[in-house]
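2 protein chains.
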Amino acid sequence: MRTVTIADVAKHAGVAVSTVSYVLSGKRAISATTRQRVLDSVRVLGYHPNAGARALASKRAKVIALVLPLRAGMNLPVLMQFATSVVTTARQYDHDVLLMTADEGADGLHRVAASALVDGLLLMDVEIHDPRVPLLRKLAEPSVLIGFPADPEGLTCVDLDFARAGALCADHLADLGHREIALLGAPRVVYERGTGFAERTMAGFVDAARRHGMEADARPCEESFDEVHAAVKLLLDERPGLSGLVVHNEAAAGHVLGALRILGRRVPEDVSVVAICPDDIAERASPALTSVLIPAEDVGRQAVRLLMAKLEGQTVPESTLLEPRLTIRESSR
Amino acid sequence: MRTVTIADVAKHAGVAVSTVSYVLSGKRAISATTRQRVLDSVRVLGYHPNAGARALASKRAKVIALVLPLRAGMNLPVLMQFATSVVTTARQYDHDVLLMTADEGADGLHRVAASALVDGLLLMDVEIHDPRVPLLRKLAEPSVLIGFPADPEGLTCVDLDFARAGALCADHLADLGHREIALLGAPRVVYERGTGFAERTMAGFVDAARRHGMEADARPCEESFDEVHAAVKLLLDERPGLSGLVVHNEAAAGHVLGALRILGRRVPEDVSVVAICPDDIAERASPALTSVLIPAEDVGRQAVRLLMAKLEGQTVPESTLLEPRLTIRESSR
DNA sequence: GCAGGTCATCGAAGCGCTTCGACGCGAAGG
DNA sequence: CCTTCGCGTCGAAGCGCTTCGATGACCTGC
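Each protein sequence line maps, in turn, to chains E and W.
Under the working numbering, the first residue of the first sequence carries the number 38, and numbering increases by one thereafter.
Under the working numbering, the first residue of the second sequence carries the number 38, and numbering increases by one thereafter.
Just so you know, the hints here were simulated from the structure itself, not pulled from any lab data.
Be aware that a few hints might be false.
Which copy is meant is left open, because identical chains are indistinguishable; a pair holds if it fits in one copy or across any two.
[Unchecked claim] In silico DSSO-like links for lysine-lysine, alpha-carbon gap of 27 Å or less:
| id | residue 1 | residue 2 |
| --- | --- | --- |
| 1 | Lys-48 | Lys-96 |
| 2 | Lys-270 | Lys-99 |
| 3 | Lys-48 | Lys-175 |
| 4 | Lys-175 | Lys-96 |
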């Protein structure tokens with residue numbers, strides 16, 4: 038059973054190869070009757086265009102690269118949601134997704150771009166001083182970044198507006214009348230890596246708190262139960278008047294609740310807790326967490342859209358910040 | 038800056054195009070001096086073979102599809118580890134990975150295979166009666182499954198030996214002198230989906246317990262703290278003599294520990310807990326969990342190896358079961 | 001010293017597709 | 001009635017690579 042080529046379809050439909058091509062691509066007008074005949078032949082023969090040949094002739098592979106940071110400290114569920122939405126959205130644009138890990142580094146990007154394996158690149162978890170950024174600027178292939186490097190000039194970046202997310206949490210706690218609040222962030226290594234989003238959340242939080250005239254404190258937070266417990270205890274000891282806690286660390290969110298329980302503080306009666314995390318985590322916690330969600334799906338969809346627009350030659354905004362949304366649940370009052 | 042082609046390299050090195058090709062592929066003997074000259078030109082010009090052209094001419098895309106079940110109820114960290122190891126291993130064989138979601142279904146598989154976008158397929162989370170399995174049998178492209186469908190005849194399947202994993206837990210508890218034990222499994226929907234691994238673990242556990250003459254109980258378990266708490270409480274009420282607990286549910290493992298703490302049972306003094314989960318989860322728990330790890334990396338690596346072997350035309354075993362390994366930590370005695 | 005055999009290299013024929021220019025034909029315009 | 005135009009279709013030229021058969025150059029052995 039040899040694989041069906043466009044020539045087979047052409048013969049079966051009694052037209053030229055080029056006509057079949059035009060029917061399929063819609064790049065030239067074809068009469069309705071011919072179109073139908075060709076389409077029927079395609080169906081009957083079960084024709085699927087050969088991807089390599091198409092890429093070679095059209096200089097478009099219809100594949101985009103997705104570069105994921107498959108390493109420690111990441112927020113897996115969010116990453117997964119993101120990947121899913123990228124794949125799904127890309128398919129809507131008739132593109133496929135090539136999965137790459139960040140540790141292939143700049144060479145890897147260069148390789149897939151230069152070999153025309155992909156038409157464009159989507160990078161996640163960009164760092165403040167990312168060695169891949171200069172390369173991206175040089176590459177002929179368009180790219181979209183999730184997150185912001187130090188200098189986003191000439192790039193296309195998408196992200197949740199983390200500063201606003203931090204601020205939103207502080208605003209919410211201020212509205213509820215809290216006067217002394219704190220933020221527990223990502224593990225220390227995330228800050229050291231300089232990924233940006235963690236800092237921006239802290240900054241947004243602290244600024245907003247200050248604007249409200251509140252006492253605010255922000256510090257990194259590891260992910261094991263014991264360390265979370267210790268951190269919460271320390272915080273409570275140092276700041277007896279503390280009544281509002283923001284957790285920007287998905288793995289730690291559940292542990293914070295556990296620690297407070299053990300330390301004899303009721304949520305939300307004694308301490309209000311607000312998390313910055315995906316909705317499913319917030320809903321599953323007990324009590325359900327008031328949270329600012331990380332709209333992973335939106336980010337993925339938006340990133341693909343921007344990339345597709347760039348592939349069409351359109352110009353797109355350098356920076357797209359997604360508005361955070363606060364959902365009030367049982368953990369704050 | 039036009040992209041560099043093999044013809045440019047040939048001209049630069051003063052040889053024929055075919056000679057360059059043979060140098061690069063090693064499929065014919067080339068003198069050391071010529072080889073070096075060509076290699077130098079490749080480096081100087083920064084040549085990268087065009088993937089489409091290569092695929093077209095050689096009928097090998099050097100890309101494999103990875104079909105992931107990006108949906109609820111899955112164990113994300115394990116999935117991620119698995120994906121990482123697949124990508125990394127594939128790169129070692131000079132292959133790239135096309136990411137697909139399971140909800141593209143059989144059509145999707147057919148599409149990427151028929152279009153020669155990929156040379157082979159790796160499917161995760163295969164179900165007992167998976168509609169994609171018949172298609173896989175028909176496909177010219179080789180495939181490897183993670184997990185087992187009802188009838189693995191003619192396929193290539195890799196998985197952790199879950200029956201042995203369950204048995205290993207029972208053995209361990211028997212060795213420690215426990216007489217009454219129970220297993221808390223995956224959420225009910227996982228069993229309903231008939232993915233197989235959950236059942237096999239239960240069966241292995243129950244069989245081994247019976248062999249040891251122990252009283253054993255096995256039931257599904259949801260993932261929220263409240264439901265876990267309720268399940269543990271119920272179990273303890275029904276079976277006052279229960280002293281050993283096996284948890285085959287990564288999300289629930291931490292909650293089980295929390296529930297036992299609240300219910301006033303010390304671990305491991307009153308109840309020994311053994312988890313079937315990745316090492317990092319087990320280590321992060323408090324107390325650290327004795328666990329049988331799910332060797333996601335091994336599975337990924339092994340799956341890619343098998344696929345590569347099939348791509349080379351070798352015949353490989355239909356079924357590869359990876360031996361589970363028990364690591365004793367603080368939660369059992 | 002020449003047939004026979006290696007070894008290294010070359011040239012050309014595709015691989016399956018897109019795209020460009022050309023062409024025939026009927027309709028519209030003068 | 002003849003030109004002009006545009007629509008629908010065709011043929012052919014690549015796209016960049018692999019691979020097969022052919023060709024010398026050189027060595028071996030009798």
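Hints, one by one, checked against the model:
When the C-alpha separation of Lys-48 and Lys-96 is checked against a cutoff of 27 Å, the pair qualifies both within a copy, at 26 Å, and between copies, at 23 Å. In the homo-oligomer, the alpha carbons of Lys-270 and Lys-99 never lie at most 27 Å apart, since the shortest distance is 53 Å inside one protomer and 54 Å across protomers. When the C-alpha separation of Lys-48 and Lys-175 is checked against a cutoff of 27 Å, the pair qualifies only between copies, where the shortest distance is 26 Å, while the shortest distance within a copy is 45 Å. For a Cα distance limit of 27 Å, the shortest separation of Lys-175 from Lys-96 inside one copy, 19 Å, qualifies, whereas the shortest one across copies, 31 Å, does not.
The structure fails to meet hint 2 from the earlier list, while all remaining hints are met.
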